[in-house]
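Single-letter residue listing:
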Amino acid sequence: MGIQEQYRSEAAALLSSGEVKLVIGFGAGSTADRRRPLFARTPEEAEKFVLDAACIANLSTYLVAEGLLSDGKKVGVFLKPDGIRSVNILISEAQLKPEQVVILGYAIENGKDVVPLEGCNISDFSIGEKIRSHTPPTHVIEAAEKIEAMSAEERFEFWKEEFAKCIKCYACRQVCPMCYCRRCIVDVNQPQWVSTSSHTLGNFEWNLVRAFHLAGRCAACGACDRACPVNIPLRLVNYRMGKEVRSAFDYVAGENSDQKPVLASFKQDDPETFIL
Amino acid sequence: MAKIGVFVCHCGENIASKVDTGNLVKALSDHPGVEICNEYKYFCSDPGQETVKRAIRENNLTGVVVAACSPRMHETTFRKACAEAGLNPYMLELANIREQCSWVHSDKDQATEKAIEITRSLVEKVKRNNELKPISVPVTRRALVIGGGIAGIQAALDIAGAGREVILVEREPSIGGHMSQLSETFPTLDCSQCILTPRMVEAIQHPNIKVLTYSEVEEVDGYIGNFKVKVRKKARYVDIDKCTGCGDCIQKCPVKKIPSEFECGLGNRTAIYTPFAQAVPNKPVIDKNRCTYFKNGKCKICQKTCQIENCIDFEMQDTYEEYEVGAIVVATGFQIQDTSVYGEYGYGKYKDVITGLSFERLASASGPTAGKILRPSDGKEPETVVFIQCAGSRDPSKGVKYCSKICCMYTAKHAMLYAHKHHGSNSKIFYMDIRAAGKGYDEFTRRAIEEDEAEYLRGRVSKVFEENGKLIVRGVDTLLGKPVEVAADMVVLATAIVPQPDAKEFAKRIGIGYDEYGFYNEAHLKLRPVETATAGIYLCGACQSPKDIPDSVAQASAAAAKVLGLFSREQLEREPVVAAVGESTCAGCWGCVYACPYNAIEQKEIRDRNGNLIKEVASVNPGLCQGCGTCVTFCRSNSIDLAGFTEKQIFAEVMAL
Chain A
1 MGIQEQYRSE AAALLSSGEV KLVIGFGAGS TADRRRPLFA RTPEEAEKFV
51 LDAACIANLS TYLVAEGLLS DGKKVGVFLK PDGIRSVNIL ISEAQLKPEQ
101 VVILGYAIEN GKDVVPLEGC NISDFSIGEK IRSHTPPTHV IEAAEKIEAM
151 SAEERFEFWK EEFAKCIKCY ACRQVCPMCY CRRCIVDVNQ PQWVSTSSHT
201 LGNFEWNLVR AFHLAGRCAA CGACDRACPV NIPLRLVNYR MGKEVRSAFD
251 YVAGENSDQK PVLASFKQDD PETFIL
Chain B
277 MAKIGVFVCH CGENIASKVD TGNLVKALSD HPGVEICNEY KYFCSDPGQE
327 TVKRAIRENN LTGVVVAACS PRMHETTFRK ACAEAGLNPY MLELANIREQ
377 CSWVHSDKDQ ATEKAIEITR SLVEKVKRNN ELKPISVPVT RRALVIGGGI
427 AGIQAALDIA GAGREVILVE REPSIGGHMS QLSETFPTLD CSQCILTPRM
477 VEAIQHPNIK VLTYSEVEEV DGYIGNFKVK VRKKARYVDI DKCTGCGDCI
527 QKCPVKKIPS EFECGLGNRT AIYTPFAQAV PNKPVIDKNR CTYFKNGKCK
577 ICQKTCQIEN CIDFEMQDTY EEYEVGAIVV ATGFQIQDTS VYGEYGYGKY
627 KDVITGLSFE RLASASGPTA GKILRPSDGK EPETVVFIQC AGSRDPSKGV
677 KYCSKICCMY TAKHAMLYAH KHHGSNSKIF YMDIRAAGKG YDEFTRRAIE
727 EDEAEYLRGR VSKVFEENGK LIVRGVDTLL GKPVEVAADM VVLATAIVPQ
777 PDAKEFAKRI GIGYDEYGFY NEAHLKLRPV ETATAGIYLC GACQSPKDIP
827 DSVAQASAAA AKVLGLFSRE QLEREPVVAA VGESTCAGCW GCVYACPYNA
877 IEQKEIRDRN GNLIKEVASV NPGLCQGCGT CVTFCRSNSI DLAGFTEKQI
927 FAEVMAL
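From first to last, the protein sequence lines are chains A and B. If you use the working numbering, the first sequence corresponds to residues 1 to 276, in order. If you use the working numbering, the second sequence corresponds to residues 277 to 933, in order.
Treat the hints with care, as some may be off.
As a list, the in silico DSBU-like pairs of lysine-lysine whose alpha-carbon atoms are at most 35 Å apart [unchecked claim]:
| no. | chain 1 | residue 1 | chain 2 | residue 2 |
| --- | --- | --- | --- | --- |
| 1 | B | K715 | A | K267 |
| 2 | A | K260 | B | K504 |
| 3 | A | K168 | B | K924 |
| 4 | A | K267 | B | K504 |
Some chain B residues close to chain A (C-beta under 10 Å, calculated; not the full set) [stated by the list, open to error]:
| no. | residue |
| --- | --- |
| 5 | K784 |
| 6 | G858 |
| 7 | C868 |
| 8 | A871 |
| 9 | P873 |
| 10 | Y874 |
| 11 | L889 |
| 12 | F927 |
In case anyone wonders, no lab produced these hints; they're calculated from the structure. Virtual Cβ for every residue (Gly too), placed ideally from N, Cα, C.
Just chain A, with the same shape it has in the complex:
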């Protein structure tokens, strides 16, 4: 029995036993190489789940939908390691209760083989060491190094050009599991801190706010990058912020669910490089 069939029957069993009220997984997409999220509430619906190397989206983002978990019932979800990492961050930020999430874990190896991950509760997945030693895809590192090698002026020009494409559709925000605020700062209009129009200043404001709000919180799933309709390399911004946080505080977001938010908590030996 392949992993797809195995997980279909596991999902069906979870639903028929009543342990979970919903399983979030993948279904067939609009083209052969695309998958779309499938929300199964009955064992029959669970038979439609697809699990293959095209299932790359981070489904944890649906867990923070308003009201989904407020009844205290459990939800099953298909997650790759980056999704598990997101769940760790969401738990540490009190957006999820660990006992409400049943994880159907899988990993994609060499870009084609789908293998199961042992366990079903978040505490079963000790991913700390793995994500510390995990290196992002080569193309991400190469692109980041290219930008890091630029002078400040060149870099500014580069991002000005990239952000000029931004149409303020906020797809990056909608797809990101960390953007769970019921009201985003860009939607505050009394006063209007962030300009809503898509000019250079407004675009910079939004993208910089987004970068800072994700510093020390990003699971590096790349969903923002894939969601962007104008192909701004958003994950490079997050990659750099993650690197900064790691070098300053030796902190890697989502290692476990007991972490304290790095930018909100203080330690005696925190570096004070900002004090001149």
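Here the structure of chain A is known, so what remains is to put chain B in place on it, guided by the hints.
Relative to the frame of chain A, chain B by itself:
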């Protein structure tokens, strides 16, 4: 409709010499909403304040901007003036055109332009100010004194004497501090022990003082009037309630050759010990790192000797106690500089090169030599002693730029004591300046020179080395303009006073400021010398700067007076500048809870009318909030706002620039 009054202060020449106040007044007079705009030489003066009050009454002003100095300087002054004229005091803003403008710019036109912008932005802010009411909080009328040296003891006795409870925390096994190590004290030469020990006893016996020795303050939470402190009582391994202080255990302890810290290493102590014979409490402590039992698991001779059951307890653990106090006096004292930075003086290399503090122990009747001045190397009486002043102080190359203040006086005292104890003494003092300002001080140094024949040589010492059993001190006599060499039997270094090694870390823990060295910062060097910038925390003694006993004691009494002033009230009025959470948008991530330095944010459940939990949100306790705004900047969903500095106010302020 806003009716704003703008009052431009010249601050004498402080502002007027760099800012064209006439132009400023003209520019602001035309600004929308400004009803009246005046200038005057000193608005903080009585006629100045009267002008503001009259303008409020006559023009029915809804807001006031005083363009003058920093709010730290005169915000209170003008708030009071507004209140007296019937305007809510929080409808006032101070536009700082002095510290942030006239003092830091040289070009008059540009400074004027900047002053206009600053003032204009505050006008825009004040239009959006809300009337606020002060918050009343109760005052816990109990004080914490940290440090049991002479400063801490004096502060504790003064507060306790006025009928208030005091917790006195000392980290060493005995109170007394450095003063208990001294022999005689300048400028009267009375014995340090004779004047100090009665005060130590008074402190421990005082019904209002709880003395916690061998204890350290671990945490301080809360705010003026309502601090919560956590004290760690270090395991002493001796139950001081049971111990009678008979000293049998000390007699029998087999580990006898531990250099005594109290005697500056000139004498020895045992592993179970009291630091000195007059210690308060006179109960021993076990030095865990030196005790044979703790090292090898065998011995316990002290326990076998002790006639009281369970008095010596090797299983004792550190314990924690929590106290609620309304005020804190920090009197953590000083240390002397590590003299090894002066390799050229041979400290550590030659046994007879000692620090001034070691000399105190040699001269002390209770010291290792019973008050005889004897050389540490061979126990002989030295014929010639060289004293080197400023061995550390006023020497930027060794990291201490400041004057340690007490060394000129104690060096003169040392020369005197040496002369009194050893006839035919020959003391030579290398000095930079003789700084003897103080009651009876100059007379004292003159007496050392004229009656006790101390020979003062003005100049620095470049090197001390040994030759034929003598310490050769090579220096310069700048008054003669000649190099000099003195063959000495003993060299005494007037070592610099430095802060406690953990002073900076401790300051961070309790939330007070410190200078580049680690001495604690007062709120204002001249006008608020015993207050810190943190309300309710006061300073006294050498933790603030090098100080002698008279100054430390005076400052301790001053700190006590401040504490008692605070305790004279049952309620304290606090600024209503506090944060509030917008519950509808709060996502409950608790980032603000972690970020709040005052633990002022709690979790609150929102339930519907049937009692079903809808969500949990952050909630600010206005009694604890200090209005720092950390939570506001942290909140990603922009759900927290700070009264007096609301987003709308700040935005208007920024957009007016």
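*Hint check, failures only*: 1, 10
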